[in-house]
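2 protein chains.
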Amino acid sequence: MENERLKKQIEFLKEIDKLKQVFRQTLLMDGTRHENDAEHSWHLAMMAMVLSEYASEKIDISHVIKMVIVHDIVEIDAGDTFVYDEKGYEDKAEREKKAAERLFNILPEDQANEIKGLWEEFEERKTKDAKFASALDRMQPIIHNYYTNGHSWREHGVKSYQVLERNKIISEIAPELWQFINDILEDSINKGYIER
Amino acid sequence: MENERLKKQIEFLKEIDKLKQVFRQTLLMDGTRHENDAEHSWHLAMMAMVLSEYASEKIDISHVIKMVIVHDIVEIDAGDTFVYDEKGYEDKAEREKKAAERLFNILPEDQANEIKGLWEEFEERKTKDAKFASALDRMQPIIHNYYTNGHSWREHGVKSYQVLERNKIISEIAPELWQFINDILEDSINKGYIER
Ligand SMILES: [Ca+2]
Chain A
1 MENERLKKQI EFLKEIDKLK QVFRQTLLMD GTRHENDAEH SWHLAMMAMV LSEYASEKID
61 ISHVIKMVIV HDIVEIDAGD TFVYDEKGYE DKAEREKKAA ERLFNILPED QANEIKGLWE
121 EFEERKTKDA KFASALDRMQ PIIHNYYTNG HSWREHGVKS YQVLERNKII SEIAPELWQF
181 INDILEDSIN KGYIER
Chain B
1 MENERLKKQI EFLKEIDKLK QVFRQTLLMD GTRHENDAEH SWHLAMMAMV LSEYASEKID
61 ISHVIKMVIV HDIVEIDAGD TFVYDEKGYE DKAEREKKAA ERLFNILPED QANEIKGLWE
121 EFEERKTKDA KFASALDRMQ PIIHNYYTNG HSWREHGVKS YQVLERNKII SEIAPELWQF
181 INDILEDSIN KGYIER
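Residue numbers (full-length UniProt numbering), protein chains in the order written: chain A, 1 to 196; chain B, 1 to 196.
Derived from the structure by calculation, the hints contain no laboratory data. As the structure is a computational prediction, the values presented were derived from the model and not from experiment. A few of these clues could be false.
Pairs count within a copy or across copies, as identical chains cannot be separated in the list.
[What the hints assert, rightly or not] List of simulated lysine to aspartate or glutamate pairs, DMTMM-like, C-alpha gap at most 20 Å: (1) K8 with D30; (2) K116 with E176; (3) K7 with D187; (4) K87 with E176; (5) K8 with D80; (6) K116 with D187; (7) K92 with E120; (8) K58 with D80; (9) K97 with E186; (10) K18 with D30; (11) K159 with E57; (12) K98 with D77; (13) K8 with E53; (14) K191 with E53; (15) K116 with D77; (16) K168 with D183; (17) K191 with E90; (18) K191 with D137; (19) K14 with D187; (20) K168 with D17; (21) K191 with E109; (22) K7 with E94; (23) K58 with D77.
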């Protein structure tokens, strides 16, 4: 191939295939296996399309979709850090920054900057689009846990108060989704999926 | 939950989790297992972001991304039809239409219509965005086959002339990507991954 630019782009698209082998703590809804980051990212894009009306500030759905599509690519090198793993969170930012440098720089410079920009925006959680994207990313595993009888909550001894504490920011970003999360947590306590 | 609209939306998001269990003919790039439709759809969204500059007509990337994100959901009911399976193609349209009715209508009516509209646009391949989305969907398995030593070509005895015949529309939609496909097919013949 003579086109050097296309060569880099294809190399990047080949490299990110590895995201399909980065497994998360959550199970698929049918409970048969752990979910991987690529299919999780796809699911978040669908959530963005379906749940955007609940954002308390007007958001740009297309921009949210782009962010959720790229947000986990760094985990190809940095691995998935479980949201309640305090130790893992200590060096998460550093590991992911290094991963972003290696992975996104496979692309031509202009595109590396564009995609790194989307990832940084997501990580900083400052813009209203990034906040909404992050709310979906936090909400998705809660729904998966609910429908798999609390699988990863039970496996890691996560308590309901921790889920509420860790995710309370959603109450500002999308109040109705926060209400929904509270409802399914209450139901999860009643059903014995999680302790209060 | 009292919010009937949100209830339908969550039910839909739960139902489409099944796309993660619809497996395709292509292997992951590392050859370890078959790819599923959810991670394939994510990969196409990344391809749209990275390769849009090769579209011969000006396209709306965000619209292309939305289309590729939803385009395979019907396969939850209809299954994946291998692109060189002539028998499977006979009733593909009918099976997928029925699937679209059941799956998208889990959503509130306005959203069912919106997402059905994206799916229909993709299927009809008439708009320039749909043509480009379709070109990516055709190109992705060719790249996967190339990097997995022609796995599904060999498994099904697919010949190079069939790949070219079946996908020649890409020459108009994205000439440089078509050139790339021709290059890797030629290399695949030389390496014994596929017969001419
Ligand atoms: Ca398909």
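The hints, checked one at a time:
1. In this assembly of identical chains, the alpha carbons of K8 and D30 lie at most 20 Å apart only when taken from different copies (19 Å versus 38 Å within one copy).
2. In this assembly of identical chains, K116 and E176 lie within 20 Å of each other by CA distance neither inside one copy nor across copies; the values are 31 Å within and 26 Å between.
3. In this assembly of identical chains, the alpha carbons of K7 and D187 lie at most 20 Å apart only when taken from different copies (15 Å versus 52 Å within one copy).
4. Taking the closest pair of Cα atoms, K87 and E176 never come within 20 Å of each other, the shortest separation being 32 Å inside a single copy and 47 Å across copies.
5. Taking the closest pair of Cα atoms, K8 and D80 never come within 20 Å of each other, the shortest separation being 26 Å inside a single copy and 30 Å across copies.
6. For a Cα distance limit of 20 Å, the shortest separation of K116 from D187 qualifies neither inside one copy, at 39 Å, nor across copies, at 33 Å.
7. In the homo-oligomer, the alpha carbons of K92 and E120 lie at most 20 Å apart inside one protomer (14 Å), although the nearest pairing across protomers, at 42 Å, exceeds that limit.
8. For the identical chains of this complex, K58 and D80 are neighbours neither inside a copy (30 Å) nor across copies (37 Å), given an alpha-carbon limit of 20 Å.
9. In this assembly of identical chains, K97 and E186 lie within 20 Å of each other by CA distance neither inside one copy nor across copies; the values are 37 Å within and 39 Å between.
10. In this assembly of identical chains, K18 and D30 lie within 20 Å of each other by CA distance solely across copies; the values are 8 Å between and 23 Å within a copy.
11. Neither within a single protomer nor between protomers do K159 and E57 lie at most 20 Å apart by alpha-carbon distance, with minima of 30 Å and 53 Å respectively.
12. Taking the shortest Cα distances, K98 and D77 sit within 20 Å of each other inside one copy (8 Å), while across copies they are farther apart (41 Å).
13. Proximity of K8 to E53 under the C-alpha cut-off of 20 Å is restricted to the inter-copy arrangement: shortest distance 14 Å between copies versus 38 Å within a copy.
14. Taking CA atoms no more than 20 Å apart as the test, K191 paired with E53 passes in neither setting, with 30 Å inside one copy and 52 Å between copies.
15. For the identical chains of this complex, K116 and D77 are intra-copy neighbours only, at 15 Å inside a copy versus 37 Å across copies, given an alpha-carbon limit of 20 Å.
16. In the homo-oligomer, the alpha carbons of K168 and D183 lie at most 20 Å apart inside one protomer (14 Å), although the nearest pairing across protomers, at 52 Å, exceeds that limit.
17. Neither within a single protomer nor between protomers do K191 and E90 lie at most 20 Å apart by alpha-carbon distance, with minima of 34 Å and 47 Å respectively.
18. For the identical chains of this complex, K191 and D137 are neighbours neither inside a copy (24 Å) nor across copies (43 Å), given an alpha-carbon limit of 20 Å.
19. For a Cα distance limit of 20 Å, the shortest separation of K14 from D187 across copies, 17 Å, qualifies, whereas the shortest one inside one copy, 43 Å, does not.
20. Proximity of K168 to D17 under the C-alpha cut-off of 20 Å is found in neither arrangement, the shortest distances being 33 Å within a copy and 25 Å between copies.
21. Taking CA atoms no more than 20 Å apart as the test, K191 paired with E109 passes in neither setting, with 52 Å inside one copy and 32 Å between copies.
22. When the C-alpha separation of K7 and E94 is checked against a cutoff of 20 Å, the pair qualifies neither within a copy, at 29 Å, nor between copies, at 39 Å.
23. Taking the closest pair of Cα atoms, K58 and D77 never come within 20 Å of each other, the shortest separation being 34 Å inside a single copy and 35 Å across copies.
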